[in-house]
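2 protein chains.
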Amino acid sequence: MSHPLRAPVAACAGLALALLLPAALRGATPAGEAPPKPLTGAQVLAASTAADWRALDPSNTLYLELPAGRVVIELAPLFAPHHVANVQALARGHYFDGLWIMRAQDNYVVQWGDPDGKKPVGAAHRTVGAEFERPLRGLSITRFPDPDTYAPDVGFVDTFPVAADAAIGRAWLVHCYGMVGAGRDNDVDSGGGTELYVVIGQAPRHLDRNVTLLGRVVSGMELLSVMPRGSGALGFYEHPEQRTPIKSLRLAADVPAAQRTELEVLRTDTPTFLAYAEARRSRHEEWFKVPAARLDVCNLPIPARPRGNGGAAK
Amino acid sequence: MSHPLRAPVAACAGLALALLLPAALRGATPAGEAPPKPLTGAQVLAASTAADWRALDPSNTLYLELPAGRVVIELAPLFAPHHVANVQALARGHYFDGLWIMRAQDNYVVQWGDPDGKKPVGAAHRTVGAEFERPLRGLSITRFPDPDTYAPDVGFVDTFPVAADAAIGRAWLVHCYGMVGAGRDNDVDSGGGTELYVVIGQAPRHLDRNVTLLGRVVSGMELLSVMPRGSGALGFYEHPEQRTPIKSLRLAADVPAAQRTELEVLRTDTPTFLAYAEARRSRHEEWFKVPAARLDVCNLPIPARPRGNGGAAK
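First to last, the sequence lines map onto chains A and B. Heads up: the first sequence runs through residues 128 to 441, numbered per my numbering. Heads up: the second sequence runs through residues 128 to 441, numbered per my numbering.
Treat the hints with caution; some may be incorrect.
Any copy will do: because identical chains look the same in the list, a pair fits if it lies in one copy or spans two.
To be verified - With a straight-line Cα cutoff of 30 Å, these simulated DSS-like cross-link-like pairs (lysine-lysine) come out:
#: 1; residue 1: Lys416; residue 2: Lys246
#: 2; residue 1: Lys245; residue 2: Lys416
#: 3; residue 1: Lys245; residue 2: Lys374
#: 4; residue 1: Lys164; residue 2: Lys416
#: 5; residue 1: Lys245; residue 2: Lys164
#: 6; residue 1: Lys374; residue 2: Lys246
#: 7; residue 1: Lys246; residue 2: Lys164
#: 8; residue 1: Lys164; residue 2: Lys374
#: 9; residue 1: Lys374; residue 2: Lys416
The set of hints was computed from the structure by calculation and includes no laboratory data.
Same shape as in the complex, but just chain A (with noise of 0.2 Å):
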């Protein structure tokens, strides 16, 4: 089955961007020369200025500490205040310290949290309701021109994957590399951030809508990933041995200043994250033969680096 539409889709959004992007992120030249290469995207990140990039916000940032290192998470509280509000409240009351990553399924999520699921919560509640999706009107979208398999619409608001349904006026996180939700069983609202899981592979988009993302890890994905996947059904760990134990939950708030880390993310509301996926979406580095011409919400992890000494992003 072909897709006709998308090849004009394509070249239509090419044009906008280019429109768009200042002549420094074209690549412009004065007339009479030959045409500049298309930037690559290490090139518009060089390029760009300080205005391009935005600092966490320390009271929604949360450092999950390992043996291994540090795992730093920004929460989403325009997509899922009260599952925020409430893991502000278990990581204040420490009720994450001495729990476990219990679960880790190859291709699928690592999850972390009380094996026991009675651990008090302190201040905190139990279960809080379902936030899978919330109203379309009021997020700024910077929309991809790409089709998705399973949404009308993807984009970005600030540095969270979404997708959207004008259709129903909904929108929702999407399941992408890296993004942070709460478990739940099989009642919508038994969930609430006393456990949590993070995307390690391919993006299980089926599980959009059906369960609540909060946040997505911005630095120390790689301690994460590189879990030993659990034996047990669904890559739960069959010995507690297995388990990796948990230092502390903390939000980089609560934490003191010289002990935080700094980090800056790229905005998505910027010519230059539209220069940026643009030349993520045809990639004119030397090695590519065919650029794709096309991005998958899903693969564009948005860039991080520490914060205002104009350093590599990762």
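Model the placement of chain B on the given structure of chain A, informed by the hints.
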């Protein structure tokens, strides 16, 4: 941007599948009874017969022996005959024995071979011509009705995920999780199989048609995906002691029968496969509340199981 064609396409596909499937796979009941619950993927597999499965061909199967165990790789001579023949020759010459896993880039690839690129290749070739794509003609594709971000058509040929473009009469293997390819330098003809990589993250579809894929991991993927990520550029290990040694890479046909891993894989040219894909497209397990009604070609790992015992599929 909306994609108005999608809902009708999916609906038609569902109808076509329903008409194609035998009653047992539709869950049909005698007239007058309530319509049955649609089958889950596990139920479709449980109802499969021996004819729905195919044993791996030892002459097209590789065993990558790592300290942690065996990785089983199925080769794809239909798509990369020269690369497959060359890798078979390299395996017969014990080329990979004593070499290393030398690269692990998070959410991308794990790669193995000779870090110095100088080990003699014996009767094999150092490089063979690019096999990025092939003629569409002669292939029997089990097509997916779902829209794909990157290609006009996607589906499976045998147990391999493929994309195709009828307008140019070409088809190619798709970079899904677990697919194995031949690393190359900037010259398109600089690969050949002396360096092999496997996808360990979100499908890097921008690599499609830019590099030769020659197989896929059938079992043991969890031994590769947990490799510590390299801290050098592109995930290369910066220190030799960080590399994981390769004990050997052998063609299964060259291994004594008693030492083989006898696996069978789900055929993709059967009504059972269509039912299985449909069960993964719209999941009816109790946990799911909003069936996706779509399926990415990279979101359907082909089931494999021990041969001949009717054991549970992995």
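Status of the hints after comparison with the structure:
| no. | hint | in the structure |
| --- | --- | --- |
| 1 | Lys416 to Lys246 | between (55 Å within a copy, 28 Å between copies) |
| 2 | Lys245 to Lys416 | between (55 Å within a copy, 26 Å between copies) |
| 3 | Lys245 to Lys374 | within (19 Å within a copy, 45 Å between copies) |
| 4 | Lys164 to Lys416 | within (14 Å within a copy, 48 Å between copies) |
| 5 | Lys245 to Lys164 | neither (59 Å within a copy, 34 Å between copies) |
| 6 | Lys374 to Lys246 | within (16 Å within a copy, 45 Å between copies) |
| 7 | Lys246 to Lys164 | neither (58 Å within a copy, 37 Å between copies) |
| 8 | Lys164 to Lys374 | neither (49 Å within a copy, 45 Å between copies) |
| 9 | Lys374 to Lys416 | neither (46 Å within a copy, 35 Å between copies) |
The earlier numbered hints that this structure contradicts are 5, 7, 8, 9.
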